[in-house]
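Once you've looked at the hints, dock chain B against the given chain A.
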Amino acid sequence: MTMNADARAIIETEHLTKAYQGRKVVDDLTFQVMEREIFGFLGPNGAGKTTTILMLLGLARPTSGRATVCGYDPTRESVKVKRVVGYLPEHLGFYDDMTGRANLRYVASLNGIPKAEAEERIERALELVGLKEDGDRRVSTYSRGMRQRLGLAEVLVKTPKAVLLDEPTLGLDPDGANRMIETIASLARDHGITVLFSSHDLDQVQKICDRVGIMIEGRMVAVGPMDQLAREKLGVGTGQYTLEELYMKYFQEGRK
Amino acid sequence: MRGLMIVFRKELGDHFSSFRFVIMFALIAMVSIVLVYMAAMGLKEALEGSRRPSFVFLMLFTTSGGFFSMTQFVGFFGPLIGLLLGFDAINRERATGTLSKLVSQPIYRDTVINGKFLASVVTIAIMFTAIMLIVSGLGLVVLGIVPGVEEILRMAVYLFLSIMYVSFWLALAILCSVIFRSVATSALAALAAWIFFSFFVSLGADVMANAVAPVDKSSATPEALMKHMKVRNVIELSSPISLYSNATSAIIDPTRQTTKSLVMMGRLEKLSMERFRGPLPLGQSLLVVFPYLTILVALTLASFGITYWTFMLQEIRAM
Chain A
198 MTMNADARAI IETEHLTKAY QGRKVVDDLT FQVMEREIFG FLGPNGAGKT TTILMLLGLA
258 RPTSGRATVC GYDPTRESVK VKRVVGYLPE HLGFYDDMTG RANLRYVASL NGIPKAEAEE
318 RIERALELVG LKEDGDRRVS TYSRGMRQRL GLAEVLVKTP KAVLLDEPTL GLDPDGANRM
378 IETIASLARD HGITVLFSSH DLDQVQKICD RVGIMIEGRM VAVGPMDQLA REKLGVGTGQ
438 YTLEELYMKY FQEGRK
Chain B
6 MRGLMIVFRK ELGDHFSSFR FVIMFALIAM VSIVLVYMAA MGLKEALEGS RRPSFVFLML
66 FTTSGGFFSM TQFVGFFGPL IGLLLGFDAI NRERATGTLS KLVSQPIYRD TVINGKFLAS
126 VVTIAIMFTA IMLIVSGLGL VVLGIVPGVE EILRMAVYLF LSIMYVSFWL ALAILCSVIF
186 RSVATSALAA LAAWIFFSFF VSLGADVMAN AVAPVDKSSA TPEALMKHMK VRNVIELSSP
246 ISLYSNATSA IIDPTRQTTK SLVMMGRLEK LSMERFRGPL PLGQSLLVVF PYLTILVALT
306 LASFGITYWT FMLQEIRAM
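Chains A and B supply the protein sequences, listed in that same order. If you want the numbering used here, it's the 1-based position in the first sequence plus 197. If you want the numbering used here, it's the 1-based position in the second sequence plus 5.
Derived by calculation from the structure, the hints in this document are not laboratory data. Be careful, since some hints might not be right.
[To be verified] In silico EDC-like links for lysine to aspartate or glutamate, alpha-carbon gap of 16 Å or less: (1) A:Lys329 x A:Glu316; (2) B:Lys15 x A:Asp294; (3) A:Lys358 x A:Glu316; (4) B:Lys15 x A:Glu429; (5) A:Lys312 x A:Glu330; (6) B:Lys232 x B:Asp211.
[As the list claims (entries may be wrong)] Heads up, incomplete: computed chain B residues facing chain A, CB under 8 Å, no partners named: (7) Gly8; (8) Ile11; (9) Lys15; (10) Gly18; (11) His20; (12) Arg25; (13) Thr103; (14) Ser105; (15) Lys106; (16) Val108; (17) Tyr113; (18) Ser203; (19) Val206; (20) Ser207; (21) Gly209.
Don't be surprised by glycine CBs; every beta carbon is placed ideally from N, CA and C.
With the rest of the complex left out, here is chain A (with noise of 0.2 Å):
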């Protein structure tokens, strides 16, 4: 899972900024993330990962600077790029009165999915996650684990080219989080799948990720493999580090 030299830049962002009444919450981001890898975006509360990723998607317009995803512009062609790419919010919320199937059906015939391939690519999603058996329950009955995988199905659906996932083991327990994290690195192995996933679970991205992002106070204040930002950072090579020890030295350094 190594970067290749030649590999495509699917999301790009140059000097993007983002300001609330002069605030700034996500402040001159340049980074790159290539085709088919996964990248962890790491930071504390309110550094500006969530808006970043809006922002990837144009559901929030950028006070300056711009991104490419995908070849689109997301302010600009939001629409192109919401269908190659899947977003899993944060807090995703799903039709509770309907069954797991019906919902990712409504999303399928959202994204213009034919529906003899609609119905198809739900029976591979929900095989992937692990939901195949309880497709046809209500999804009121389903366990917050459930509800995760079933998000993730429903950004799967659309056979995304990059996935944008918020905080996709948040709230999980950690078997449903291991299984979580298992999903999401054969995504990217199996399926081809650009991965940008934020988490505060630092023993999970260190476990999948190929690259990482620290952000802190909106800034970017590392961006590469693991283990070069180790050998920069703390002097020591791979496997003689967790990330937990590089992310407190960026954290304790990004506030002063």
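Coordinates of chain B only, in the frame set by chain A:
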């Protein structure tokens, strides 16, 4: 367009399968049937032995069956239907998190609000048409009179106006659901607007008219009375309820030649008026109410316009 149809179909399905709709429909159908049945029985009695005047069928809707007439009922309680269909349209989806899911699908953002509004308007239209047909059928059986072509046309115009009127309240309720995060607050705000326009505007109109053009009960000149009425009417027109009753009055009641009435008329007065005054043709009736009709339609479009605009301007972050 494709996205709009999909949101529309889902919302329409939601409406028709919801308990809220079933209860509302049952309630309104029940009241309408009782009102029209009582009006029909009264009419039948009054018509006994006398020559049958023209446009008797329309009187089913305008004469009181006990407490109020069918048109009064729609004018007064119609807004509640609009409010009930719309007060949680946006904020419920915001609370459950489905709104951010919807806007992250490849559809334009206005599709969500357009689809919801359209589905609710169609729900209202189906509901009103159904009730109008049920009630007409009942009148047909009880009165034994078949409505003429012109009566049917008038009923169609009346139906259109009623749907427009209720859609205005629907748009207002959706506006509340866009502005207020909490479903309860939104419902209360919508109800407050309804109470304000239905009770306080007419009260306020009286107060204002008394202040601007006071009339002395014992020695009032016709000029002073007219002035008083004018002030009252102008203020009352700021309320969609009086706009609606003005717009429908001459349509559903062909013997009326203006939208103004100084005296309330009972069934017997109406029947005897018929002897002296010829009814207006439909075209003329339409001309009389045209200003009101236009304002009502404009008001409905404007209130949806404001709702649309507010929704589009809202920070998605908040979703």
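For this session: Using Cβ atoms only, decide whether Ser203 (chain B) comes closer than 8 Å to chain A, and label the hint accordingly.
Result: 33 Å, violated
For this session: For the hint on Lys15 (chain B), just tell me whether its beta-carbon gets within less than 8 Å of chain A.
Result: 6 Å, holds
For this session: Verify the interface restraint on Arg25 (chain B): the C-beta must sit less than 8 Å from at least one C-beta of chain A.
Result: Hint violated; Arg25 (chain B) Cβ to chain A Cβ min 13 Å, cut 8 Å.
For this session: Sort out whether Glu316 (chain A) lies within 16 Å of Lys329 (chain A), counting only the CA atoms.
Result: 12 Å, holds
Exercise. Is the shortest C-beta separation between Val108 (chain B) and chain A less than 8 Å?
Worked result: 6 Å, holds
Problem set entry | Hint status (Cβ of Gly209 (chain B) to nearest Cβ of chain A, threshold 8 Å) | Gly209 (chain B) check fails; min Cβ-Cβ to chain A is 39 Å, beyond 8 Å.
Problem set entry | Hint check: 8 Å Cβ-Cβ cutoff, Ile11 (chain B) to chain A | Holds, about 5 Å.
Exercise. Is the interface hint for Gly8 (chain B) satisfied, with its Cβ closer than 8 Å to some Cβ of chain A?
Worked result: 6 Å, holds
Exercise. Quick one, are Lys358 (chain A) and Glu316 (chain A) close enough, alpha carbons at most 16 Å?
Worked result: 20 Å, violated
Exercise. Does Lys15 (chain B) pair with Glu429 (chain A) here, judged by a C-alpha cut-off of 16 Å?
Worked result: Violated, because 54 Å separates the two Cα atoms, which is more than 16 Å.
Exercise. Is the hint on Tyr113 (chain B) kept, meaning its closest Cβ partner in chain A is under 8 Å away?
Worked result: 6 Å, holds
Exercise. If you draw a straight line from the CA of Lys232 (chain B) to the CA of Asp211 (chain B), is it 16 Å or shorter?
Worked result: 12 Å, holds
When each numbered hint is compared with the structure, violations occur for hints 3, 4, 5, 10, 11, 12, 18, 19, 20, 21.
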